[in-house]
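Chemist: So the chains spell out like this:
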Amino acid sequence: MELQFFIELVTNGILTGLMYALVAVGFVLIYKSTDAINFAQGEFCMIAAIVVAGVMKLHGFPLWAAIATGLLFMLVFNWALERVVLRPMIGRPIVAIIMATIGLALMFRGLGPLVFGAETRPIPLPIPDAPIIWGPFFMAPIDVLGGVISIGFMAVFGWFFMKSRKGVAMRAVADSHQVSMAMGINVERYFVLAWMLAGFVALLGGLVWGNAIGVDTQLAALGLKVFPVVILGGLDSILGVIIGGIVVGVAEAISAGYVDPYVGGGTKDFTPYVLMILVLMFRPYGIFGKPIIERI
Amino acid sequence: MFHRESGYFKTTYQSDMALYPLPIGKTAIAVFLVVFFIIFPLVLDEYYLTLVNLAAIAVVGALGLNILLGYCGQISIGHAAFMSVGAYTAANFAVHFHFPFWLTIPAGGVVAALIGLFVGLPALRVKGLYLAIATLAAQFIIEWTLNHTPLISGGIQASIEMPRPELFGEVLETQTEMYFFLMPISVIAILATLNLVRSRIGRAFIAIRDQEIAAEIIGINVYRYKLLAFAISSFYAGVAGVMATYYYGIANYEAFQLPISIDYLAMVIIGGLGSVLGSVFGAVFITLLPFGVRVFMETVGVYFVDGVYLAQVIAQMRLIIFGGLIIFFLVVEPEGLNKLWQNIRNYFRVWPFSY
Numbered sequence: 000m001e002l003q004f005f006i007e008l009v010t011n012g013i014l015t016g017l018m019y020a021l022v023a024v025g026f027v028l029i030y031k032s033t034d035a036i037n038f039a040q041g042e043f044c045m046i047a048a049i050v051v052a053g054v055m056k057l058h059g060f061p062l063w064a065a066i067a068t069g070l071l072f073m074l075v076f077n078w079a080l081e082r083v084v085l086r087p088m089i090g091r092p093i094v095a096i097i098m099a100t101i102g103l104a105l106m107f108r109g110l111g112p113l114v115f116g117a118e119t120r121p122i123p124l125p126i127p128d129a130p131i132i133w134g135p136f137f138m139a140p141i142d143v144l145g146g147v148i149s150i151g152f153m154a155v156f157g158w159f160f161m162k163s164r165k166g167v168a169m170r171a172v173a174d175s176h177q178v179s180m181a182m183g184i185n186v187e188r189y190f191v192l193a194w195m196l197a198g199f200v201a202l203l204g205g206l207v208w209g210n211a212i213g214v215d216t217q218l219a220a221l222g223l224k225v226f227p228v229v230i231l232g233g234l235d236s237i238l239g240v241i242i243g244g245i246v247v248g249v250a251e252a253i254s255a256g257y258v259d260p261y262v263g264g265g266t267k268d269f270t271p272y273v274l275m276i277l278v279l280m281f282r283p284y285g286i287f288g289k290p291i292i293e294r295i
Numbered sequence: 000m001f002h003r004e005s006g007y008f009k010t011t012y013q014s015d016m017a018l019y020p021l022p023i024g025k026t027a028i029a030v031f032l033v034v035f036f037i038i039f040p041l042v043l044d045e046y047y048l049t050l051v052n053l054a055a056i057a058v059v060g061a062l063g064l065n066i067l068l069g070y071c072g073q074i075s076i077g078h079a080a081f082m083s084v085g086a087y088t089a090a091n092f093a094v095h096f097h098f099p100f101w102l103t104i105p106a107g108g109v110v111a112a113l114i115g116l117f118v119g120l121p122a123l124r125v126k127g128l129y130l131a132i133a134t135l136a137a138q139f140i141i142e143w144t145l146n147h148t149p150l151i152s153g154g155i156q157a158s159i160e161m162p163r164p165e166l167f168g169e170v171l172e173t174q175t176e177m178y179f180f181l182m183p184i185s186v187i188a189i190l191a192t193l194n195l196v197r198s199r200i201g202r203a204f205i206a207i208r209d210q211e212i213a214a215e216i217i218g219i220n221v222y223r224y225k226l227l228a229f230a231i232s233s234f235y236a237g238v239a240g241v242m243a244t245y246y247y248g249i250a251n252y253e254a255f256q257l258p259i260s261i262d263y264l265a266m267v268i269i270g271g272l273g274s275v276l277g278s279v280f281g282a283v284f285i286t287l288l289p290f291g292v293r294v295f296m297e298t299v300g301v302y303f304v305d306g307v308y309l310a311q312v313i314a315q316m317r318l319i320i321f322g323g324l325i326i327f328f329l330v331v332e333p334e335g336l337n338k339l340w341q342n343i344r345n346y347f348r349v350w351p352f353s354y
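Those sequence lines, one after another, are chains W and B. So in numbering that gives the first Met the number 0, spot 40 of the first sequence is number 39, and the numbers just go up one at a time. So in numbering that gives the first Met the number 0, spot 330 of the second sequence is number 329, and the numbers just go up one at a time.
FYI, nobody ran anything at the bench for these hints, they're computed from the structure.
Calculated lysine-lysine pairs in the DSS-like style (CA-CA distance at most 30 Å, straight line):
id	chain 1	residue 1	chain 2	residue 2
1	B	K25	B	K338
2	B	K126	W	K289
3	W	K267	B	K126
4	B	K126	W	K31
Next up, chain W with everything else stripped away, as it sits in the complex:
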């Protein structure tokens, strides 16, 4: 029984962690290529999910059309954001960029419900409700789907980043804006591409999480889960995101299962942060992060 409980916590933790990774990868994507820190990634997911659920409910779109609308919306939206808000921020101090994205986050939290209404809506993905039982493992279908989407996206994305021409260019941009400009890469185009990709991931994250916990502004709280994930893994590592996500998911599940009954609940929300601080003390750039060398 004890073991059964433990296995259950760990499997659920891993699956939830993979779903966190799906949100976090959008963050890493932007950080890697534009050096911008996006505090609004959770809000991106939220707004994508609100658009999908909103057009289904208010305009009676079928699911595929709603998802297509959501995708189109996110791409155009993020393209516009990059042009209007983020581009003037290039080269500004880190706190300015953090604050600008916090400003964006606040705006989204107001705008989403203002346009599409504030009630909680479902995203009915065509998956069964009954839990999947497989030996000692006991899993919710949406978690499994989330995990699969997450791993699939990481694989495609990893290939894109390491092998494709655009991916290589993006890595070059991430490495040094000046040198890649000198090599004839249109740096600004890759900034836009990074933000649009982040919009696409946000849509995936929004769909999966929206199905799991319902669509309303609460979804934005996901953004706060992202930070321990990316910091544990290192800000610029795709592999790090997966590992960080799994560690955070498992740590959350275990603290919720074993610690909460003794201290009155709520440890789930900050255990990842404690873990993260410990890691930061020993590896200031995360587990897989690249140290930044500073010069005068």
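Place chain B on chain W using the hints.
Modeler: For chain B alone, coordinates are given in the frame of chain W:
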């Protein structure tokens, strides 16, 4: 003789370091003191005094964050958590030991500063985003600890009722009395900050902000000053927390959650990083913003929005306008309200002969 200056040229270090850089400064300060301490309490009615009181509290908190972020360049997203530390400390001392306010205020500040020192420890290793997230973690951990430790937070809903402050045997209760209680603290905080940032410590902070490695090379003990910045900033936050507790009459962690930390960040950024006057502008601006939005929506918005949804729409509009303003200032005027004010001032000072 009637004449106009063509500019202000500093010829000595003394004048460069002066508290009032302009000759008009002393008069302006005197006028402000008269306005704030005589005219305001006499003329304004209770409702507007409420706003001024809230702004006075926010000014102290914003000054603290500006010392850390604007002068020393260390990001903190956990400012409100330090306020809650100050608030609970003061409430406990006031309830259990019957401390008067002139003891609870420093006590709240000192305990917050100690916690701040501890939270500042990661700053020795990490910076930038990593530090921002570490302080975010502090926010969550402090919040959770307060909420789940009945020993500190007094059990039911983690709130402690705060006795009213007493001065010369008089219990301060009305808004006007609270105004005279809160305002002097703000003024002291402003003066202290002005003097701090032009002292040796302030210069060290600025050196660390501008170029950490260079600062270390010229002999500034970076670690010590970073921790000091965290401690001082948390002290201010603690004091602001105590003020808020006296003002609300209750210490509750819900008044100091993450959105409040973000409000303070916004104050410092909209006001102007690394400027005392900017902190004051920012604090006043952000405090008045929700009321402004509400007044606007109640007068103009009613023509567009159904009355039933008005409250909800006001809350959403507040977020949108708040976020929009932050972005607007960052993109258009990165140096904030303070720069705006300086531009106006400089324009009119040499008007009409500006070169």
